[in-house]
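Line by line, the protein sequences give chains H and Z. Position 12, counted from 1, in the first sequence is what my numbering calls 4; the numbers after and before it change by one each time, with no gaps. Position 140, counted from 1, in the second sequence is what my numbering calls 132; the numbers after and before it change by one each time, with no gaps.
Since the hints were derived computationally from the structure, they do not count as laboratory data. It is possible that part of the hints are untrue.
Since the list gives no way to pick one copy over another, a pair counts as held whenever it fits inside one copy or between any two copies.
Here are the simulated lysine-lysine pairs, DSS-like style, with alpha carbons at most 25 Å apart [what the hints assert, rightly or not]:
1) Lys208 / Lys17
2) Lys208 / Lys236
3) Lys236 / Lys263
4) Lys24 / Lys236
5) Lys153 / Lys24
6) Lys208 / Lys263
7) Lys263 / Lys153
8) Lys203 / Lys39
9) Lys37 / Lys24
Protein chains: 2
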Amino acid sequence: MSAMFEKVTIIGMGLIGSSLARVIKQNGLAGKLTAADASEEVCAKVKELGLADVVTHDIAKSVIGSNLVILAIPISGIKAVAEAIGPMMAPNAVLTDVSSVKGAIFEAVTPFLPDSVDFVPAHPIAGTEHSGPEAGLVDLFGGRWCILTPTSDTPIKSVEKVTAFWEACGAMIEIMDAQHHDLVLGITSHLPHLIAYTIVGTADDLEDDIKSEVIKFSASGFRGFTRIAASDPVMWRDVFMFNKDAVLEILQRFNEDLTAMQKAIRRGDAKYLEECFTRTRAIRREVMEMGAEGYPNPALMNQGTDSEKP
Amino acid sequence: MSAMFEKVTIIGMGLIGSSLARVIKQNGLAGKLTAADASEEVCAKVKELGLADVVTHDIAKSVIGSNLVILAIPISGIKAVAEAIGPMMAPNAVLTDVSSVKGAIFEAVTPFLPDSVDFVPAHPIAGTEHSGPEAGLVDLFGGRWCILTPTSDTPIKSVEKVTAFWEACGAMIEIMDAQHHDLVLGITSHLPHLIAYTIVGTADDLEDDIKSEVIKFSASGFRGFTRIAASDPVMWRDVFMFNKDAVLEILQRFNEDLTAMQKAIRRGDAKYLEECFTRTRAIRREVMEMGAEGYPNPALMNQGTDSEKP
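Let the sequences and hints guide you as you build the complete structure.
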């Protein structure tokens, strides 16, 4: 049986890139799999783990002859990589990525691509707080959404190729506009991460004796925030640099709501607080109902467990 | 073998009260267990589940003859209950509670107690986002911290009784000053809950089409916040009413830090963001090291799993 793609190149062998390599190998999705990473250290690790047929730190050359090229690097590096690989890409190849921001990506990549190469931006909503090639999991994408954000000019055949690829990795596909993606993910992902980083940072600034007790009694809500706040710093720095407008817009709404809460606490407005705390239960119910469509991911059961409370 | 206490009364049969009833029964800690709750509906459920030897909605009378009385009701109800049970309590009985705020509790309770009755405030750091007598778990307190906040006037023998009781429920004991407790828990628990309630409320205010997608793609960080924001509204309303000063103090620090983040995003200050996102990893490591002392609680493994990411 022939593979889905004759040759696939993954650029960037962190958590997502190395998880893709694992599932591509397991499901025989590539005749030949090339893994490229600018770091010699990462390349050595990828070789040691046997994650790809070819491992190289020469990113430009890594795409030669590939039918599918996947960018799995921090957003700030994408423009330079697109410039380097653009001239080397095979005619009719498809380029895709895994970035958490979609609007800025398209503008960064397309100027450097030959006419016959299509770019189909993708964002698999899956991951852990761990980083690096050792952290990858073969079933990271199983039952997870992968959002594609092609433009109206993107040829359907290329969207179909990327769809088929992600489905073969176990993901469920949703197609939406890049700006819409950036707003929705700004709420579900970027703002929560910003808040978690902030609250853990606030705790880090406390006097040492209180800080040690905060860590000791972290089970009561804080623990979950520390997990989110342990996510890759460079990746998240880039998210906020490249999804600035949507994040600032949502942050402003959040700030208004937090100010109202603060005022209610200061005034002792029990009725307001109870009403706010009651209506949020409905969203939890809806989230749990959606959960039946693929959560929790068994691969993450042992990593993500944080029971919290008062 | 004789039980640890001849007679125990639990007032309030929600998540915590009913979990206590379960572990008291399982470990034979009471010769006779009385469960009291103001709600007829809750009493009926407790009877149906067979959680206690006596079930009553007459709270005042429920404490007659008991050696240990445990208040497991929302904080705002504690003063009235203390006033009702004070005159009925047996000489040399010990009173304790499970509230998430400790400073305000002591002042609310002690004026109503006879001289021979000691109050030893307690706060088990354990729970789930579920409420009611059906939600209780026999091993909810296993491997969890329980913080006691006696004053310097509290007789040691009563502190020892409450310590022995919680240890027999599987908990680990820590003793600290009530004001210190309220500050530490303000950071680890109250602020995270306030933030989670706020962010889920912000999402709830969105236009319907965006809201449905926020729910659909909630895996990316937001999902964990919805779990926290599904916690009991009355209990949490009371936490913010009774730990107002500590919460407002911590909220102010958090707001300053969030404003600095916002400014860095607006200015595109990549260096600041990366530094903030890097230093928070150290706290996660310390939290995970603490975790070896008793987390995760197997009883909660199936409830608390939320894998998050970009």
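Verification of the supplied hints:
| no. | hint | verdict |
| --- | --- | --- |
| 1 | Lys208 / Lys17 | neither (42 Å within a copy, 29 Å between copies) |
| 2 | Lys208 / Lys236 | between (35 Å within a copy, 23 Å between copies) |
| 3 | Lys236 / Lys263 | between (35 Å within a copy, 15 Å between copies) |
| 4 | Lys24 / Lys236 | neither (38 Å within a copy, 62 Å between copies) |
| 5 | Lys153 / Lys24 | within (17 Å within a copy, 69 Å between copies) |
| 6 | Lys208 / Lys263 | neither (33 Å within a copy, 30 Å between copies) |
| 7 | Lys263 / Lys153 | neither (54 Å within a copy, 38 Å between copies) |
| 8 | Lys203 / Lys39 | neither (41 Å within a copy, 44 Å between copies) |
| 9 | Lys37 / Lys24 | within (19 Å within a copy, 62 Å between copies) |
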